[in-house]
Amino acid sequence: MADSVHGAKAVSDIAASDIVETVPSALIVLDRNLIITSANRAFYQTFRTSPIETEGCLIYALGNRQWDITALRTLLESVIPHRASVEGFEVEHDFPTIGRRTMLVNARKIFSPGDHDGSILLAIEDVSEERAARAESKRNWQLTQSIVDTIRDPLVVLENDMTIVTASKAFLTIFGITEAETRGRRVSELLQHQWDVPALRHLMEKVLPENKPIESFEIEDNFPGLGRRVLNLNARKISQPGNHAHRMLLVFEDITDRKQRERDALSLTNEISHRIKNNLQVIVGLIAYEAKWTAAPCVQGYKTMQARIGAIAQLYDLISQTSRGRTVAVDAYLREIAKTMSASLLGNTSGIDIEVKAEPVEIDPDRAVPFGLLVNELTTNAIKHAFPNGSGHITLCVEQVDDQIELVVTDDGVGIKDKDLAKSPEKRGSDYVAIFVRQLGGTVVPSKQGPTGTTVRIRLPLLLVPSGGAEPLAA
Amino acid sequence: MAVILIVEDDVFIREVAEMMIQDWGHQTLAACDVDEALTFLRSPQHIDALFTDIYLKELVHGGCDLALQAIALRPNLRVLYTTGNNITDKMKALLIEGMHFLRKPYTQHQLQKSVKDLLGA
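Sequence order for the protein chains is U and D.
341 is the number that our numbering gives to position 341 of the first sequence; each next residue is one higher, with no gaps.
583 is the number that our numbering gives to position 108 of the second sequence; each next residue is one higher, with no gaps.
Just so you know, these hints were derived from the structure itself, not from any lab.
We treat Cβ as the ideally placed atom computed from N, Cα and C, and that holds for glycine.
Just so you know, nobody snuck in bad clues.
Here are the computed lysine-lysine pairs in the DSBU-like style, where the Cα-Cα straight-line distance is at most 35 angstroms:
1. D/K567 - U/K303
2. U/K357 - U/K448
3. D/K532 - D/K567
4. D/K567 - U/K339
5. U/K259 - U/K237
6. U/K357 - U/K303
7. U/K292 - D/K532
8. D/K588 - D/K567
9. D/K588 - U/K357
10. U/K212 - D/K567
11. U/K303 - D/K565
12. D/K565 - D/K588
13. D/K565 - U/K339
14. U/K303 - D/K532
15. U/K206 - D/K565
16. D/K588 - D/K532
17. D/K588 - U/K292
18. U/K259 - D/K565
19. D/K567 - U/K206
20. D/K588 - U/K384
21. U/K259 - D/K532
22. U/K292 - U/K303
23. D/K591 - D/K565
24. U/K237 - U/K206
25. U/K339 - D/K591
26. U/K384 - U/K448
27. D/K565 - U/K357
28. D/K567 - U/K259
29. D/K591 - U/K303
30. U/K339 - D/K532
31. U/K357 - D/K567
32. D/K588 - U/K303
33. U/K384 - D/K591
34. U/K384 - D/K567
35. D/K565 - U/K212
36. U/K292 - D/K591
37. U/K339 - D/K588
Far from chain D, some chain U residues (derived; all Cβ distances over 10 angstroms):
38. P24
39. S50
40. V86
All chains should be built: construct the whole structure from the sequences, respecting the hints.
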């Protein structure tokens, strides 16, 4: 208790004038006739005046009548007489000494004991910079909004809590929503909750805290007045310099037409593929029918023919899976060929394995089929003839050497004996290899053959689509 | 020997398949579309297996739909699909789990192996 009394006395020992002198706001005291009786240091500094010029002066007459301001007269003569205090009265004026300023004036009537007329304490705060910053921010916002409104894709800006701050005109027009319906609401709450998708919500929640943009999130739904549409949603974090608050830009791209074109193209591809495969099936069937009535020694030839037709069909599938628009990725293509051959000719229990070592080079689709048939022929030869004991290793290698593609097919089998070449099936196989190499405009590079194993090295011209000319398309 | 219902809209392909399957000692029934196949499946005719093309006439997944209806009618029926098209995710979703598949063009050897696997499964 004693401490408390002591503390109160200590505070009262601080002179009121000391407090007045240290506050940053400009303070002046006026008597009932609006004569300045005193002012603090902040006032003199702010308005570049002195006590001699100030004290005893009618406020309107101060500093060459620069305080003779209509708004101030209204405050002092019409508002103050009827109220004990006024706060936040804003006065904008061009002061000759300090230029154009916005002042925030707080006024309070103060009464000393025995003083019935009382005085007026005016606290004047220069808020010019804050107001200028606010005006600048407003101008920036208007500029941003006008840019947003010129973008044809609908978009919204979201707060940290996922509520909409602003929506572009395109968004409001396309989805038939008013600005009032969007403001402060979440995207998932709009329309008939078409965007209320858990996966989208999950991704959106990561955009701001983890700075993870959303790229191409597709939503297909019925939208009122629009019908069935496919929308592509993209979102990213946006930051304002000097502002710690972050917002999210969510853009809606209508890809319905593009999607329909893709579906039409896929449908056409399926239709063509169906017809090609059926025609190949008819050819295989014709051969099967002929083989049925053919003498036994010739049947194997028919079967080989059927297998080669099957290989062409498989290559068409692989090309569609590995094509990048106008080119085919050789590395992926080669892996698919190896996988398919392993499955069809070797099976899971085979002791022969096929390894692919390929650089990422590309060839045009026109050459992809003969290239695939060449690889198919060389690999089939190795599988059939290199490993009489049923186990071994085949390597398919492709690399770019200057302006050529080098294809090397190697096995660690028994090797080629000269007498083997005289046998008819191998002779035919090597004839096919020579034909495919000529078709591709390449050459067979002589390779030194060891006592075991076989290496076939073929150089083909690169003939690539010019760099940047390939347009990636869906396979 | 088994009774196999072959559903294929291309007459030549269907008849060559019938010829091959008959050569291996099986009995065949032939249909060119879903409706014709369902007529067999709804009849009292004994059928061990269905060998169907997926793309039937204008129906891109006609064979998939047929197989689903066939299994609903005859739960023990064995199914072998064939198609020349790439297998899309949508197609995969429509295939009956554990059923057999043969890519077009297929040789008699490949069809024989598939039929043997189908009936032996």
